[in-house]
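Residue numbers (our numbering), protein chains in the order written: chain V, 1 to 279; chain E, 1 to 279; chain X, 1 to 279.
Simulated from the structure, these hints should not be mistaken for lab results.
Just so you know, even glycine gets a beta-carbon here, dropped at the ideal spot from N, CA and C.
Treat the hints with care, as some may be off.
Estimated spans, in silico, between C-beta atoms of each pair [claimed, not checked]:
| id | chain 1 | residue 1 | chain 2 | residue 2 | range |
| --- | --- | --- | --- | --- | --- |
| 1 | E | Ser239 | X | Pro271 | 37 to 43 Å |
| 2 | X | Arg246 | V | Gly172 | 48 to 54 Å |
| 3 | E | Ser239 | X | Gln158 | 19 to 25 Å |
| 4 | V | Lys3 | X | Gln194 | 33 to 39 Å |
| 5 | V | Glu5 | X | Ala263 | 35 to 41 Å |
| 6 | V | Glu79 | E | Ala263 | 40 to 46 Å |
| 7 | X | Ala78 | E | Ser239 | 45 to 51 Å |
Just so you have them, the derived chain V footprint on chain E, three or more residues with Cβ under 8 Å [unchecked claim]:
| id | segment |
| --- | --- |
| 8 | 121 to 134 |
| 9 | 240 to 250 |
Sample of chain X residues at the chain V side, in silico, Cβ under 10 Å [unchecked claim]:
| id | residue |
| --- | --- |
| 10 | Asn38 |
| 11 | Leu41 |
| 12 | Ala42 |
| 13 | Gly44 |
| 14 | Ala47 |
| 15 | Met49 |
| 16 | Asn51 |
| 17 | Leu52 |
| 18 | Leu136 |
| 19 | Met253 |
| 20 | Val254 |
| 21 | Leu255 |
| 22 | Ile259 |
| 23 | His261 |
Residues per chain are reported as follows:
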Amino acid sequence: MTKEELQSAIRRAVHQVRETCPLVPSITNMVTMSLVANAQLAAGGSAAMINLPDEGETMAAAGSAMYVNLGTMLPVYAETLPRTVRALKVNGHPWVLDPVGIGMGALRMELFRGFRELTPTIVRGNASEIIALANLWQLKTGLLQDGVRGVDATDSVQAAGPAAQALAKWIGGAVAVSGEQDLVTDGETTLLCQGGSELFTKITGAGCSLGGVTAVYAAVADPLVAALTAVQLYNYAGSQAEQLSRGPGSFEMVLRDTIYHAAAEAIAAQPFEQQEEQS
Amino acid sequence: MTKEELQSAIRRAVHQVRETCPLVPSITNMVTMSLVANAQLAAGGSAAMINLPDEGETMAAAGSAMYVNLGTMLPVYAETLPRTVRALKVNGHPWVLDPVGIGMGALRMELFRGFRELTPTIVRGNASEIIALANLWQLKTGLLQDGVRGVDATDSVQAAGPAAQALAKWIGGAVAVSGEQDLVTDGETTLLCQGGSELFTKITGAGCSLGGVTAVYAAVADPLVAALTAVQLYNYAGSQAEQLSRGPGSFEMVLRDTIYHAAAEAIAAQPFEQQEEQS
Amino acid sequence: MTKEELQSAIRRAVHQVRETCPLVPSITNMVTMSLVANAQLAAGGSAAMINLPDEGETMAAAGSAMYVNLGTMLPVYAETLPRTVRALKVNGHPWVLDPVGIGMGALRMELFRGFRELTPTIVRGNASEIIALANLWQLKTGLLQDGVRGVDATDSVQAAGPAAQALAKWIGGAVAVSGEQDLVTDGETTLLCQGGSELFTKITGAGCSLGGVTAVYAAVADPLVAALTAVQLYNYAGSQAEQLSRGPGSFEMVLRDTIYHAAAEAIAAQPFEQQEEQS
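Please put together the full structure from these sequences, using the hints given.
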């Protein structure tokens, strides 16, 4: 797709969500549940958070897409996650995985390993998480493999490019890497997106809620467009909110206001460019 | 009661809560716990959220009233809910049930079925939830019974009137139905309340926190007055907040500010009227 | 230490946190998780909340300090808390305990009893909680012991002084008592701190987030200085936020903004004094 075609697809996704209000349930961490739901509502979707296995199956069928974030673990997830993801597959519904906390915890790691075959449609994380997930799944990334890496935020988004592309190809979907600039790829087309705010790192749930909103767009658009639309929305709303706020508290408030009001044109016009082929 | 008597009772409930700061514990969903507690505090009550069975019993005895919302389920609720509600009965303490998520999940449905005999004092939900609960309990509503219905927000408040009245009579308490206008009934007197804001649907926890505040007023007033006072407060504060805000983020902030400052007179003066007898 | 030395240590702690961004994980209650994390981020730290035993051990090793608050209990805590606290001891990492809800629940009380030997580095609570914990641990406080007391907020901060000093000596750390004025002690030096706002009682999580921020400073300073710095920060930010807000909603927002921007000098200059020796 050309840049103009992508921008047109972004505008379409924004409008379609606002018109159809898709139900996008989540299994997501307790810390940021509220912001995830609020961001999904502000973007025009409908939210529902669940913990139990049979409710996961019900919601996998009832929802148009789903968001999974293992930031805080509960013992019951051992059963809930596999059953829910299998139900998503049976129903052919897209889902977004946030590999937060990768590297920590036996149950969390077992679930992440299982998602190698029960693949998500979109993965959204920071550079270190994306590299760690590609390594965990033993994908060929062209990077030196030094075992599973712990979570840190020190890897640059560009450095995670090969891992993101390998992941995207493996899942047959899209990967979004969050950082100072953001990278979105489906394994073929790779886009670099500008904007956002340093204050995203001073509120809890910026990444989680971006993932939740990505799932909302996945209900109406293909994986690359869904991931790109959410990243563009957050880059636009973050830039706006930074100008209109005085710190992390007001930033979060204005962010929600701006997500609600953001014009589809402004979201599509937020700067992004196709990455040059690297040899 | 005449409208003037109801308004006088509303003002009394508002003042009494602010003077006595009743402790109103909750078993409530994780997504909106924070807003429920904050709304209860802003209205003048005291909040405490619990999960475990023995703590439910302790709080059922220690609190003046309780709020139960099964929006997100935990396995331990299978034991916590029946024990807590029985302790509420033993202590003669009122409690408010929010039938959110009715139609989904084996444990949730088992608990909802159990509440047919372990009746709440007040039920607060949207039209579809109220109809679904009345059907689940097989109450005579005059409506065609087509089995238990899933949750949707498409039923109008007026359509839920017969179900609300049947529920109120069954529990010997009051039922509040939230929607564009709100309906409050004790099975005999039925009131239609105006106000609020479309933005209530763009934040998570508007209904939950209304339920939590209803429980705060139930600590000091009879069921009909408690339900009516909370609905009036939210209709007033929602209207005010919409005028003073720029989207869902600032709306939630101003809502909390307004609940805190709302004059008893303004809450009582928010428009409501008695529904004409229907034949 | 003289007052000037304490003020200098406060300024150092504030700067060091902002420069090093220490990771300070929490096992903390669901109601206020989000505000705890947001306050820790605003102060300059890094947050992570966990529930499971092996993740507690991992985080006890990986973090620079930890925050424990049993406001809402989960069954898995029976295993998570002892294993996590033992790992904190093995790693020599400081941790802050908030004795919220003391007096209620078999599991909660069993855990609180266990902390008598697996001692925290800092305890932060209101007057009644501090007295209840000293009594539970059967420390000599010079107060009449009438058994373990339930939680109430009626005891004055000054009345809790002997209990706080006995606790601080027992743990070999520091204790902070929150109230209209705040008391911070390491058992030898006792400080009384002024400021804050009545609105702290009208939002949920003021005390919890103060505890979380205390743990952030414990990552870089000794217990007395860490507890004092957090109390001073909250007294300063609370006073500022009250002036700039219109109720509890805007108060919470401005509080986060102010924590983020607060100058080290202003935090150190917030009024406090050493308590005269009592005979």
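Results of checking the hints against the structure:
| no. | hint | result |
| --- | --- | --- |
| 1 | E/Ser239 with X/Pro271: 37 to 43 Å | holds (42 Å) |
| 2 | X/Arg246 with V/Gly172: 48 to 54 Å | holds (51 Å) |
| 3 | E/Ser239 with X/Gln158: 19 to 25 Å | violated (45 Å) |
| 4 | V/Lys3 with X/Gln194: 33 to 39 Å | violated (59 Å) |
| 5 | V/Glu5 with X/Ala263: 35 to 41 Å | violated (50 Å) |
| 6 | V/Glu79 with E/Ala263: 40 to 46 Å | violated (51 Å) |
| 7 | X/Ala78 with E/Ser239: 45 to 51 Å | holds (47 Å) |
| 8 | 121 to 134 | violated (count 0) |
| 9 | 240 to 250 | holds (count 6) |
| 10 | Asn38 | holds (5 Å) |
| 11 | Leu41 | holds (5 Å) |
| 12 | Ala42 | holds (5 Å) |
| 13 | Gly44 | holds (9 Å) |
| 14 | Ala47 | holds (6 Å) |
| 15 | Met49 | holds (5 Å) |
| 16 | Asn51 | holds (6 Å) |
| 17 | Leu52 | holds (5 Å) |
| 18 | Leu136 | violated (28 Å) |
| 19 | Met253 | holds (4 Å) |
| 20 | Val254 | holds (6 Å) |
| 21 | Leu255 | holds (7 Å) |
| 22 | Ile259 | holds (8 Å) |
| 23 | His261 | holds (6 Å) |
Hints 3, 4, 5, 6, 8, 18, counting from the list given before, are not met by this structure.
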